[in-house]
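Heads up: the sequence lines are chains A and B, in that order.
Numbering of the first sequence is given in the working numbering, commencing with residue 3 and proceeding in unit increments.
Numbering of the second sequence is given in the working numbering, commencing with residue 18 and proceeding in unit increments.
Derived from the structure by calculation, the hints contain no laboratory data.
All figures in this text were calculated on a predicted structure; none of them were measured in a lab.
Any given hint could turn out to be false.
Simulated DEER-style distance windows between Cβ atoms [stated by the list, open to error]: (1) 8(A) to 563(B): 37 to 47 Å; (2) 134(A) to 130(B): 47 to 57 Å; (3) 137(A) to 516(B): 24 to 34 Å; (4) 113(A) to 433(B): 19 to 29 Å.
Covered by chain B, according to a simulated footprint, are these stretches of chain A (three or more residues, beta-carbon under 8 Å) [unchecked claim]: (5) 118 to 131; (6) 136 to 145.
From the three backbone atoms N, C-alpha and C, an ideal C-beta is built for every residue, glycine too.
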Amino acid sequence: MARLLDVIREDLELTGTKEGCGEGECGACSVILNGKLVNSCLVPAVQAEGAELRTIEGVASDEQLHSVQESFLHCGGAQCGICTPGMVMAAVDLLKRCPHPDEAQIRDGLAGNLCRCTGYGKIVDSVAQAAERAIQVAEESRS
Amino acid sequence: MNPSLHIGHSRIRKEGRAKVTGEAQYTDDVRMEYMLYGVTVRSSVPRGILKGIEFGEGIPWDEFVIVTAKDVPGELNVALIERDQPFLALDRINHPEEPVVLLAHADRYLLEKARAAVHLDIEPLPPLFDLEESLACKEVIWGQDNLFKKILIEKGDVDSVWAGAAHVVEGEYKTGSQEQLYIEPNGAIAVANAEAGVTVWGSLQCPYYVHTALKALFNLPDDKVRVIQMETGGGFGGKEDYPSLIAGHAALLSLKAGGRPVKIVYDREEDMVATTKRHPSRTRIRSAFDAEGRLLALDIDFALDGGAYLTLSPVVLSRGAIHAGGPYRCPNTSIRARAAATNTPPHGAFRGFGAPQSLFAIERHMDVAAAQMGMDPIALRKQNLLRMGDATATGQIIKENVDLPGLLDHALEKLDYSAKKENHRIHNASLGPIKKGLGFAIFMHGCGFTGSGESYLASVAGVEGRADGKVHVLAASTEMGQGANTILSQVVAEVLKVPLEYVEVVRPDTALVPDSGPTVASRTTMVVGKLVQEAAIGLRQTLIQSGFLKVPYDGEGFSSAVKQYIAKNDHLKAYSQYNTPPQIVWDDQLYKGDAYTTFAWACYAAEVAVDTRTFEVKVEDFVAFQEVGRVLNPTLAEGQIEGGVAQGIGYGLSEQVVWSKGRMANGQMTNYIMATSMDIPRIRVYFEENPYPNGPGGAKGLGELPMDGPAPALLNAVQDALGTSAPREIPLTPERLMDLLDLMDFLEPSNV
Chain A
3 MARLLDVIRE DLELTGTKEG CGEGECGACS VILNGKLVNS CLVPAVQAEG
53 AELRTIEGVA SDEQLHSVQE SFLHCGGAQC GICTPGMVMA AVDLLKRCPH
103 PDEAQIRDGL AGNLCRCTGY GKIVDSVAQA AERAIQVAEE SRS
Chain B
18 MNPSLHIGHS RIRKEGRAKV TGEAQYTDDV RMEYMLYGVT VRSSVPRGIL
68 KGIEFGEGIP WDEFVIVTAK DVPGELNVAL IERDQPFLAL DRINHPEEPV
118 VLLAHADRYL LEKARAAVHL DIEPLPPLFD LEESLACKEV IWGQDNLFKK
168 ILIEKGDVDS VWAGAAHVVE GEYKTGSQEQ LYIEPNGAIA VANAEAGVTV
218 WGSLQCPYYV HTALKALFNL PDDKVRVIQM ETGGGFGGKE DYPSLIAGHA
268 ALLSLKAGGR PVKIVYDREE DMVATTKRHP SRTRIRSAFD AEGRLLALDI
318 DFALDGGAYL TLSPVVLSRG AIHAGGPYRC PNTSIRARAA ATNTPPHGAF
368 RGFGAPQSLF AIERHMDVAA AQMGMDPIAL RKQNLLRMGD ATATGQIIKE
418 NVDLPGLLDH ALEKLDYSAK KENHRIHNAS LGPIKKGLGF AIFMHGCGFT
468 GSGESYLASV AGVEGRADGK VHVLAASTEM GQGANTILSQ VVAEVLKVPL
518 EYVEVVRPDT ALVPDSGPTV ASRTTMVVGK LVQEAAIGLR QTLIQSGFLK
568 VPYDGEGFSS AVKQYIAKND HLKAYSQYNT PPQIVWDDQL YKGDAYTTFA
618 WACYAAEVAV DTRTFEVKVE DFVAFQEVGR VLNPTLAEGQ IEGGVAQGIG
668 YGLSEQVVWS KGRMANGQMT NYIMATSMDI PRIRVYFEEN PYPNGPGGAK
718 GLGELPMDGP APALLNAVQD ALGTSAPREI PLTPERLMDL LDLMDFLEPS
768 NV
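Looking at chain A on its own, in the form it has when it is part of the complex:
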């Protein structure tokens, strides 16, 4: 039975979504399906019929990086990069649900995504900075 992950990587040729474990532990295959963050290795492809799917390829708009991607670059949130697409998806999802997270909320929001390189500190910083930027942008647009 084809998994959503296989359809994304092989049929749609969107290889930004990664396979780290194939059993829903590492989160490298995280995508947003009908507005919810899921591990695409655990979703049977048939379940996604007619659904709205957002992968890492749909996060930046044209040449403009998403604020989460921008802050991962600046804060050192990406090292080897293999967990990064999933981590960015989890962060985008978190900031949508919770625009002003504190550190505990960020750590909780990323708990389903494993990173072996960073020890998570700089990923937490990246998400915090992205949230701050969003607040600044909102304030600037108000004033």
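Use these hints to put chain B onto chain A, whose structure you have.
Relative to the frame of chain A, chain B by itself:
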């Protein structure tokens, strides 16, 4: 005052944009026309004689490409230190994950069915799983005595000391295996045919290791084998030697498939179970101190379980043995080290490479000794820490002005040691179930290859001016997350005095880059960085002497000089080859002299809370204080330390490889427990900068250092929390701590 343009600045990771957008191409992201998938059939029996291979019913075998040892055109064994590990078993089986048959097919699902339908007829032989049984030669499974390597380091005369010493303290310490657990599993794609030779794309750390192994496997000359590194999703040593096997397997299948590309990517379980892990260790220490706590003698017996084949065990043992005495001045030292065979998959490289094992033992032992002698562990360390002019166990005189007592003080200050100590005294006196403790470890890590390793390697790296006016860095050093691309670019851009975007690092490809050695041993920044620095100096000189580059210049001026030079001379390249710094002398036979050109130094301090109901050890605070020469890129350097500490915390507390008949029984992320974002605190990282004159911009190596300190610091903190020196084995899982405390009747009503 001449401020640096790039050195010391947190430049953004060169390939960062491709990584945050998902555009970076990893091995499994590549698909080629007519590509087949490959899988490996493994022995499952730990030791025996291969009698036959049966291909079961219900599979259209004629559609499959099938390879066995008989199809190997050249050398059957992997060319590394010794040639003892076969690419495919011919008749002897030495561990339960021994590759025996390779299969390829375009249909991955059918391929899995076929893998299960291959039956191996193996006559079992008695296996050996226990390190002590191997040392005692209960069975002889390798060579004459099961020993891959033995080392003796001797200084003074330990036996002259015991009788007159005020204190003699003995202890035994054990460390478990550890899985590198890079999130991208191992994988390779190969195209092989008789005319063109072999080309491999893979997730790997050391392109030239693979190159060497494939040349022997196919009996081909240098230029008929090409190895290209794809974006690599973490290595940590786990992609140091094993990629030679996978690349060889994929290439053997491709050759038999008439040159069709073959991709082998392991799933998580196969990667965890079959590929290399950290060597388990056992260390016995006998130490003598005078009445003031001065170290008089250290007698250390250090043993590593190497698994079924020699692979890298001799060099892992070497680094472990040299670090076994810790950062201490000790007039009489004897270190006996042995790496022995067992019928498990070979253990290999993992960040730290033997040093985390032996440093765990000595740093844990110092706290055990302090407790036994009734001394404060800080005061005991300060009596004995190496200072400039002192000699290490191998007789290496410390020539740099290192201030280890200062490093210790600074780390403890940052942890707020005194205030926390007092708080804990009050907290632990109450009857609550949570006990708190503080612990630290002080240690060093040798930078670059051990002993004469760098001289033998004689690495070469270079830079090349391009027709577009940019400069390319030519090195075999691989980017695997640690930041090699960015650091090498910064070093070159600093020399050339140009913006960072004028420098690009060429993807390691043995057809394009020279052999700058493997990407291991904390050597890329310090050793290869120095080579590209020298090459860049040469390139700049050439441009100035040619008259095309006039000082002062800006980025555009430089770029146009490069273009003009190339228009006139076709190419602009400069290389540099490694030379051992002066006054570095090493004797490989006696194990005496300068084991490393320099060391990185550190003190790590931790606060833990131990729950005496669940036996969980929670890390509440962690300070990593180190001297790594000059820091070239603070964000990248901090990232290396934080990540290494996280792996070290796992090594100390949770990452247990469970063995069952020579096979890892918990080869899944579900039950092999690495830290999530919820499990570890913010790692607080501090650098003391002391520029090292032989490193580029004053840098030493730092990649492995953070792996060495966390485990002993955490177990020392548990000793402080519980008032018992019993924990001597890692990982200190809740189950293990419960058994230990049960044994001691720690939970007698009076203690609860």
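Worksheet item: Of the hints stated earlier, which fail here?
Response: 1, 6
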